[in-house]
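Asker: Taking the hints into account, I'd like the entire structure generated from these sequences.
Taking mature numbering (1 follows the signal peptide of the UniProt record, and there is no 0), I'd label the letters of the sequence shown as residues -19 to -1, 1 to 211.
Keep in mind that the hints were calculated from the coordinates and are not lab data.
No residue lacks a Cβ here, since even glycine has one placed at the ideal position from N, Cα and C.
If a hint is listed, it holds; no wrong ones were tucked in.
Derived DEER-like restraints, expressed as beta-carbon distance ranges:
{"#": "1", "residue 1": "Gly104", "residue 2": "Pro145", "range": "17 to 23 Å"}
{"#": "2", "residue 1": "Gly17", "residue 2": "Arg142", "range": "42 to 48 Å"}
{"#": "3", "residue 1": "Glu83", "residue 2": "Gly122", "range": "20 to 26 Å"}
{"#": "4", "residue 1": "Gly104", "residue 2": "Pro14", "range": "25 to 31 Å"}
{"#": "5", "residue 1": "Leu25", "residue 2": "Gly77", "range": "19 to 25 Å"}
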Amino acid sequence: MRSSLLCCLLVFLYSSLLASLLVSSCPKGCCCPHPGALVLCESLGLHTLPRSVPLNTAVLSVARNRLCNVDNIFRPYSGLQELSLSHNQLARFPRGLPSSLETLQLQENQITYITSGSLRHLGNLTRLDLEDNRIRSIQPGALQSLTRLRMLTLRGNRLSRLPPNLPSSLTHLDVSANCITALDMYSLVTLVASYGSILDGNGSRVYSTFAPCTEVTNNSLNNGHLSKTF
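Answerer: Set out below in structure tokens:
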């Protein structure tokens, strides 16, 4: 009898603890306009994620902190849809992000490259912002799994060429203020297919190995308007 009561008590305590983790109060210093849904922990000098962020959070911002490594920290947040890690000190693309993410903001960090496995489990992303990092390389196939991606911002990085294998779902691509100096015809076709593409500030020259006399000058790429000059 006593063992049964003890077992029931343990189950009750475990359930209570789990419930408190899911709907706990707003973390200290953070702002929670919609507790359990929207949590803003911005400009707090954080080096790690507050432990008391509710696990059922849908929108989370930890922008403008001092985060250097967030690998696997967000894995338990299986319902997280929007995450802002902008204006931190991340040196690489975070690992172990939840597959539920639809919007990911990573602008103003120190990321230098994107590997082929970085985005493998993020097929629900519709918006990815990597503006003002230090990205020099995006490995072939790194973006292929992003079949729902519509907006990709790579402005202000150090890319010398367009990312290969861009998702066909893209409607907006911003690669302005990079180091792109030449595009092959395949990249141009990809660019034209991505509505609203921007290449400003690259000094770009587009060339084709099949038609060497066809080129697109920098002026004709400004503001996303493409035209051929012969």
